[in-house]
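Asks: Same order as they appear, the protein sequences are chains A and B. Numbering-wise, our numbering comes out as the position in the first sequence, counting from 1, plus 299. Numbering-wise, our numbering comes out as the position in the second sequence, counting from 1, plus 299.
Just so you know, not all the hints are guaranteed correct.
Unchecked claim - Simulated pairs of lysine-lysine, BS3-like, Cα-Cα distance not exceeding 30 Å:
1. A:K460 <-> B:K498
2. A:K498 <-> B:K317
3. B:K348 <-> B:K410
4. B:K711 <-> A:K582
5. A:K410 <-> A:K321
6. A:K460 <-> B:K448
7. B:K325 <-> A:K448
8. B:K445 <-> A:K325
9. B:K317 <-> B:K375
10. B:K325 <-> A:K445
11. A:K325 <-> B:K448
12. B:K498 <-> B:K445
13. A:K711 <-> A:K582
These are calculated hints, taken from the structure and not from any lab test. Note that the structure is a prediction, hence the values are computed from the model and not measured.
Number of protein chains: 2
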Amino acid sequence: MTEGLEQLNNQLTTALNKRNRKNFRKLFLGLHGYEQSQLFAEFDFAQRKLIYTFLSPEELANVFDDTEEDPGEMGKYLDEMSDAYVSRLLSEMYMDNVVDIFTDIRPIKRKKYIGLLPSDEADQVRELIHYEDETAGSIMTTEFIKVDKNQTVDTAMQHVKQEAQEAEVIAYIYVTDEANKLVGVLSVRDLITHSDDEKVADVMATRVLAVDVNEDQEAIAEQVRDYNFVAIPVVDASEEIVGIITVDDIIDVIDEESAEDYSHLAGVDTETISRNPFQTALKRLPWLITLLFLGMLTATLINHFEGLLSQVSVLAIFISLITGTAGNAGTQSLAVAVRRLATNNHLKIARLILNEIATGIIIGVITGVCVFIMVGVWKQNFLLGAVVGTAMASAIFVANLAGSLIPIGMEKLGVDPAVASGPFISTLSDLTSVLIYFNIAQYFLQLFIK
Amino acid sequence: MTEGLEQLNNQLTTALNKRNRKNFRKLFLGLHGYEQSQLFAEFDFAQRKLIYTFLSPEELANVFDDTEEDPGEMGKYLDEMSDAYVSRLLSEMYMDNVVDIFTDIRPIKRKKYIGLLPSDEADQVRELIHYEDETAGSIMTTEFIKVDKNQTVDTAMQHVKQEAQEAEVIAYIYVTDEANKLVGVLSVRDLITHSDDEKVADVMATRVLAVDVNEDQEAIAEQVRDYNFVAIPVVDASEEIVGIITVDDIIDVIDEESAEDYSHLAGVDTETISRNPFQTALKRLPWLITLLFLGMLTATLINHFEGLLSQVSVLAIFISLITGTAGNAGTQSLAVAVRRLATNNHLKIARLILNEIATGIIIGVITGVCVFIMVGVWKQNFLLGAVVGTAMASAIFVANLAGSLIPIGMEKLGVDPAVASGPFISTLSDLTSVLIYFNIAQYFLQLFIK
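Using the sequences and the accompanying hints, generate a full structural model.
Replies: Here is the structure:
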């Protein structure tokens with residue numbers, strides 16, 4: 300909360316404590332819904348109970364529509380209200396936000412609340428709730444404005460005026476034909492700049508981009524971003540418009556998806572915040588323990604070379620240098636490959652792989668030469684320098700290639716490549732790096748020492 | 300490009316080859332600006348030269364406004380056009396897009412093109428170009444609608460109708476007082492649902508959220524997202540409205556910032572794509588070589604313990620297990636800390652640190668016990684198991700804490716904490732892990748073996 304809001308919070312608390320309804324309303328209703336929702340989240344049970352008498356359900360709907368809180372958390376407040384209050388609150392809210400809450404609460408509660416809705420809205424909610432998570436249907440709202448293509452600009456404008464209070468976005472007005480198919484789109488700008496007696500069909504744009512109700516939200520977000528839309532219509536199999544997705548929901552999708560990518564790269568869910576360290580630890584341990592087993596495999600591999608190590612103990616000095624550097628290179632190429640796969644659908648995979656092979660060779664050779672010189676000078680032993688340098692170059696090359704091949708392979712298998720994490724690739728490259736290092740060392744030493 | 304667009308591309312190419320202006324226009328002008336821009340990017344020099352005769356500058360402005368191409372690339376096309384054509388093209392484009400292009404081209408070209416603009420627009424561009432990168436001023440546009448608070452709804456509506464063609468977004472109409480200060484905001488919805496003779500001052504919302512022209516774009520993006528705005532007004536020091544930022548530019552900011560965070564975590568710029576592997580390698584090498592020096596420090600540390608290693612060569616087996624796992628834990632806590640710092644401005648730092656200490660202990664102890672058992676059973680040596688397990692627990696604890704302290708410290712120093720990368724934290728934790736491991740091993744061995 301900002302400082303201004305904290306001050307308001309104190310004033311509102313005073314108003315609540317004094318049961319000063321008038322003062323509370325004056326302060327609270329002057330705010331934006333998002334600010335109201337931030338303040339609302341700070342009040343305790345007794346204070347909320349008072350608020351339900353101070354504010355009408357219509358006024359509270361604004362708070363519920365604009366909140367950035369978890370929908371499941373908002374659902375809990377419903378239990379504190381009377382049935383009549385809940386019924387009016389939910390009717391006033393935008394349908395997509397109601398559905399968000401319903402998706403996150405227990406089925407028995409959901410059934411009860413749907414029962415409190417007017418029957419037509421209850422039907423719409425039941426339909427919306429059915430759509431699979433992360434599809435157009437699950438994030439669309441049914442409050443949009445549509446007009447018939449045979450209407451005049453004037454009658455269309457009258458219709459828009461009537462509907463304007465209900466609709467979530469009035470930037471676009473959708474046009475349907477006799478069969479209720481979506482055939483065009485108009486902006487309010489078009490209506491106010493054309494003369495009253497023109498026909499909608501002559502004013503509308505006929506190339507209207509719509510998405511299927513089952514389309515994935517990430518693909519839709521990309522379209523809205525590329526085309527700079529403020530809303531995009533959603534159609535069903537028979538090309539009837541069934542809803543719209545507004546840009547504020549698209550921003551949430553973009554946020555969600557990029558947070559997902561970031562979390563995957565780090566090998567941990569960075570978004571769900573828990574104040575309990577046991578729960579935090581529980582979120583991080585699965586990946587750590589899984590990778591621990593992969594790490595044990597690397598340990599057994601080194602164990603296999605214990606004879607060599609006890610003969611030439613100096614080799615141990617460079618294990619972490621090689622595994623670490625190769626892991627870093629692998630993480631880099633993994634991140635690049637994941638992002639390219641996500642942002643460029645018509646990418647030539649062969650080209651990407653060839654490019655990474657060439658890049659891996661260049662990075663490997665340059666780093667290898669650096670290491671050759673550093674180790675050779677430091678240990679006054681250029682044979683050792685050659686061993687470590689060659690191993691470094693090869694390990695980087697392999698890790699670099701693995702970093703791009705793994706996400707590409709996952710994409711081909713239909714798995715989201717963003718799931719491959721930095722920790723995974725660096726632990727995997729520990730294994731390959733050690734394998735490369737000791738084999739090269741053994742080979743060189745046989746050559747020169749025996 | 301989608302399949303549909305590729306087909307269109309062929310048809311348009313045919314039209315160009317046949318110099319069929321009419322056909323080209325019919326096909327091209329039916330498309331959305333973003334699609335036009337994708338197709339435009341596919342044409343070669345000779346084809347583009349023809350297009351400049353087939354399309355008016357006003358029509359091409361649409362293409363330039365809606366492109367997702369690099370502004371510097373778009374700037375190159377200007378050189379191919381006549382001065383008169385450039386002048387009209389730039390005048391038609393939205394000011395923020397013109398400024399984007401001008402920021403990315405050579406100063407001498409910029410000066411020439413600014414000279415081609417009508418003098419009032421040239422002045423505006425000169426002013427906009429001055430704003431620092433990543434501030435409100437650098438992403439705002441000056442095409443917005445403002446009305447006087449003493450106007451009636453009817454005259455305001457007339458004004459909106461006149462301006463509607465020019466303005467980028469007409470969802471909001473901004474209201475100013477006699478001193479030209481921003482005092483309120485109206486939506487088109489307000490205008491069309493209120494009666495004509497009401498005064499703007501009585502219809503407008505007076506709590507209007509505006510951002511300062513020098514405010515950072517990331518903070519603005521957060522506001523627009525939280526408040527679900529379609530545009531946000533920008534004011535100067537004297538509270539006069541100087542521009543608006545539209546939601547499509549906000550989406551670009553969100554994309555840019557999240558790509559930046561992702562790149563930082565991976566220790567590589569994942570967005571700038573180059574087809575030249577030498578350039579790609581050049582982007583990745585600086586971090587790799589920097590971290591190589593940090594890795595060499597770890598190597599000298601192990602070197603310091605060579606005596607111990609040659610005595611107890613089995614210790615070498617677990618170096619990569621400990622450094623790898625601690626590095627993974629460090630990467631996790633780093634990512635969590637960076638995200639929390641980015642999304643929660645009023646975070647209690649002490650609380651976050653305490654939480655990470657507790658989490659580090661839990662993760663460390665659990666992983667340490669696992670390793671103690673695994674190593675003890677495998678090597679039939681529970682003393683070794685205890686050494687490796689204790690070292691693992693301590694190394695994880697330290698890496699975990701470093702992972703959150705480093706970004707917090709950077710934030711305190713005024714550096715963007717997102718700059719701390721996963722490769723950096725895991726290379727750093729290699730050093731601390733090795734230090735911990737060998738000290739614990741030495742201590743235990745002195746205790747039991749001597």
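Asks: It remains to establish, for every hint, whether it holds in the given structure.
Replies: Structure-based check of all given hints:
Only pairs whose Cα atoms come within 30 Å are accepted, and A:K460 paired with B:K498 is accepted, the gap being roughly 19 Å. Note on A:K498 and B:K317: the hinted pairing is violated, with a Cα-Cα distance of about 36 Å set against a maximum of 30 Å. For the hint pairing B:K348 with B:K410, the CA-to-CA distance comes to about 23 Å; that is within 30 Å, so the pair holds. Pair hint B:K711 plus A:K582 holds up; C-alpha atoms about 28 Å apart against a cutoff of 30 Å.
For the given pair, A:K410 sits about 36 Å from A:K321 by alpha-carbon distance, which is inconsistent with the 30 Å threshold. Between A:K460 and B:K448, the direct Cα distance comes to roughly 23 Å. Compliance with the 30 Å bound is thereby established for this hinted pair. Note on B:K325 and A:K448: the hinted pairing holds, with a Cα-Cα distance of about 23 Å set against a maximum of 30 Å. The straight-line distance between the Cα atoms of B:K445 and A:K325 is roughly 28 Å, inside the 30 Å bound, and the hint therefore holds.
This hinted pair checks out: B:K317 and B:K375 have alpha carbons roughly 26 Å apart, not beyond 30 Å. With a CA separation close to 28 Å, the supplied pair B:K325 and A:K445 stays within the 30 Å bound. The suggested pairing of A:K325 with B:K448 holds, with an alpha-carbon distance near 23 Å, which does not exceed 30 Å. With a CA separation close to 15 Å, the supplied pair B:K498 and B:K445 stays within the 30 Å bound.
Distance restraint check for A:K711 and A:K582: the Cα-Cα separation of roughly 28 Å lies within the 30 Å cut-off, and the hinted pair is therefore satisfied.
Violated hints, listed in ascending order, are 2, 5; each of the other numbered hints is respected by the structure.
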